[in-house]
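Q: Assemble chains B and C onto chain A, guided by the hints.
Chain by chain, the residues run as shown.
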Amino acid sequence: MSITLGAVVKGGTSLDYKTGSWRDQRPVIHEDLCKACGQCEMVCPDSAVYVVDEVYVIDYDYCKGCGLCAYECPTEAIEMVPEEK
Amino acid sequence: MNHIKVVEGSEAVALAVKACRPQVISAYPISPQTHIVEWLAKMIADGELETEYVRVESEFSAASVISGASATASRSYTASSSQGLLLMTEVLYASAGLRLPFVITGVNRALSAPISIQVDHQDTISLRDSGVIQFYVESSQEVYDTHIAAFKVAEDQGILLPVMVCMDGWILTHSYERVSFMEQEEVDSFLPPFQPVNFLDVNDPKTWGSYAEDDVLMEFKYAIHEAMQYAKGRIKEIFSELAMVTGRDHGGLIEAYRTEGAEVILMAMGSMVGTVKDAVDEIRSEGKKVGLVKIRCYRPFPFEDIWNAIRGAKVVGVMEANFSMGSEGAVGMDLKAKLCGRPDAPLVLDFITGLGGREVNKKTVGQIVQKAEEVLNSGLPLPESHWVDLNPAILQ
Amino acid sequence: MSIPQIARKEALFTSGHRACHGCGIALAVRHILKATGKNVIVVTPTGCLETFSSPYGYSPWGVPWIHHLFENGPSVASGVAAALKAQKQDSIRVLVIAGDGSTFDIGFGAISGMLERGDDVLYICTDNGAYMNTGGQRSGASPTYSSTTTDPAGKESLGKTQMMKNLPAIVAAHGAPYVATASVAFLKDLQKKVKKAMKSRGPHYLQIDTPCPSGWGFPPERTLEIGRIGIDCGLVPIFEMENGKITSARKIKKQIPVTDYLKAQTRFKHLFSADRGVDQLAELQLIADENIEKYELMS
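Chains as they are written, first to last, in my numbering: chain A, 1 to 85; chain B, 1 to 396; chain C, 1 to 299.
Hint data in this document are derived by calculation from the structure and do not stem from the laboratory.
For clarity, every value in this text was computed on a predicted model and none was experimentally measured.
Glycine included, each C-beta is placed from N, C-alpha and C at the ideal position.
Some hints could be false.
What the hints assert, rightly or not - Simulated restraints, written as ranges between beta carbons of each label pair:
| no. | chain 1 | residue 1 | chain 2 | residue 2 | range |
| --- | --- | --- | --- | --- | --- |
| 1 | C | K88 | A | S21 | 44 to 54 Å |
| 2 | C | K155 | A | D16 | 46 to 56 Å |
| 3 | B | G312 | C | K88 | 52 to 62 Å |
| 4 | C | K88 | B | S189 | 17 to 27 Å |
| 5 | A | E76 | C | D275 | 33 to 43 Å |
| 6 | B | Q157 | A | K10 | 15 to 25 Å |
| 7 | C | K155 | B | S324 | 39 to 49 Å |
Just chain A, same shape as in the assembly (with noise of 0.2 Å):
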């Protein structure tokens, strides 16, 4: 890309770098026990939790698989599983 002055530049664009190559492992909602509490929106460091219509769902193009959702949804609704290539 080319230079812009003084190297500044639009807020979002990280949004074109997809973290969701980062993962070993990915979350996995199982809705049937999800509460829709939102613990797992709130304590993605990746803004990779969005709730649809009270559906909880995982945002795989930045989810690193970090596994904090997991850990901490009391429901223990979230499942992690080995990231398949």
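A: Chains B and C alone, transformed into the frame defined by chain A:
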């Protein structure tokens, strides 16, 4: 119409800065700059200047405060000297890289150690690589006019770099001269409000200060070099524009003083120029063809203009109050680098004068001209930098 | 655009940044900005946050953000605040989000100046107890007896011997009206404290314990748990100080021994080999007990 007052050089600076309506001023004291920030503080305390005056805890913060202010679209200013300028060196490089414009007065003073508060140019010369534009002035009038031009230069959308106006400590800051001041309307008309290209804007959030990998860093640095090259022409235009308003023309990037037909041309900057001009007049009246190139803009280095002034001469005697330890004087090096390879280039002799406030007077100039002629007549090899008026008797 | 796509674009600190798995700082920043909203300018000195959030061309920041140098976060912020004041922009606020290296060490003079002047800046220190960005060198915030790369445990050393600099007390001594500590273990509390700090003008300080999986040596999914254990053993007191007096503290329901906290991190493992660290463990327990008494942490 201008009005005239006898003022201390520092007050002339303060009045110039005041007229430019800075929104943020940071202040930290260091001799011999302190009077400038004190004048500004008094103006604010008396309700004559509306600005945010930040009393910082170090020069590092002084430069940092105005960097933050500039990034937030405010015109900003500070002043420093010597050790303080060195302390803010890191900030100046970074702000040049981020293309943040502001104006700093660099009051020239020798660098420790040993500690000295006398004048020389080592401090501002040490910053010559930073990307900060540097002007050097000869008189209080020039310091006033140059500060006003400096804001316009810094904020020019093709430049966007910090600008340092260098003035000799004590000699200019603490002496009293007649200065002619512009009307506020004239300044406002010459210098409209600051219009940044980028700024920290909640409605258009941008990120400043990214880190650059090896595939782009060189280009970012080159962009600063390009801006400085562009600045050469633009600075001259801005100086001319101001001269049209004030009726005072201090020259462009240089002033060529009696260089026509000169065989020996001296080169100098700062307040010593006044002395050199007097000496040139005397020597000319005795029949010798000498002249002077006064450097007004040192960075970017105005080689094209210098070349036009010196091309006919046989020898250029660079008089400079700085020394790059382990090599020679900086200005001499700049000139020689540009002349290298030109078959018609004059000889360049480097004279180290006035370090730590050692007096530079007409006699000094006479000695320098004599030395230049001696070398010219005796031919190569050229001597090393000549330390003028050095006292070898007290060396160990 | 799908809802995730919209949410990503609207997030004030979005995805795609290069923080380590489970990074406490990234989590803290998300919640800081949730609490402040978009009308803030953020200054970040060099450090983990700066590096993982600003490779050229890839920025997660949905607010205007500036990284200048390592030691001038507070003074750049003072300049931004001065400019906003000059422009009479009352609704835009200034934050510094800085690491402990910058806050406790190299930027210490600058923060002191900012506090003494009373500049309108909310200074948030994300504390991971070392210069983690560059591999974990010791800082003034490194806990006593932690092993860092410039003060490592070895045959003749058990790591850092000095006490942690007490930045909250130092800041409060400058007269800052609101000083608080928080933790990523309690995110709602973190948000509450940010909002409280924003309610009034002037310099405020919030120090957030941000456990660091990479640097402290624990699995990334345990970031919040390590934070909780640190609080519950008394080594990481969570409190608020207003005008120099402690006005609130997060109570510990059941005190747990410091060894639970220390054993869980490899940066303290040297204290558990043979009998080497027995005295040091006792010292650390004493520090925890003193904190509990001083901040009245037991419920």
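Q: Hints first: check each against the structure and report whether it holds.
A: Status of each hint after checking the structure:
no.	hint	result
1	C/K88 x A/S21: 44 to 54 Å	47 Å, holds
2	C/K155 x A/D16: 46 to 56 Å	48 Å, holds
3	B/G312 x C/K88: 52 to 62 Å	58 Å, holds
4	C/K88 x B/S189: 17 to 27 Å	24 Å, holds
5	A/E76 x C/D275: 33 to 43 Å	39 Å, holds
6	B/Q157 x A/K10: 15 to 25 Å	19 Å, holds
7	C/K155 x B/S324: 39 to 49 Å	47 Å, holds
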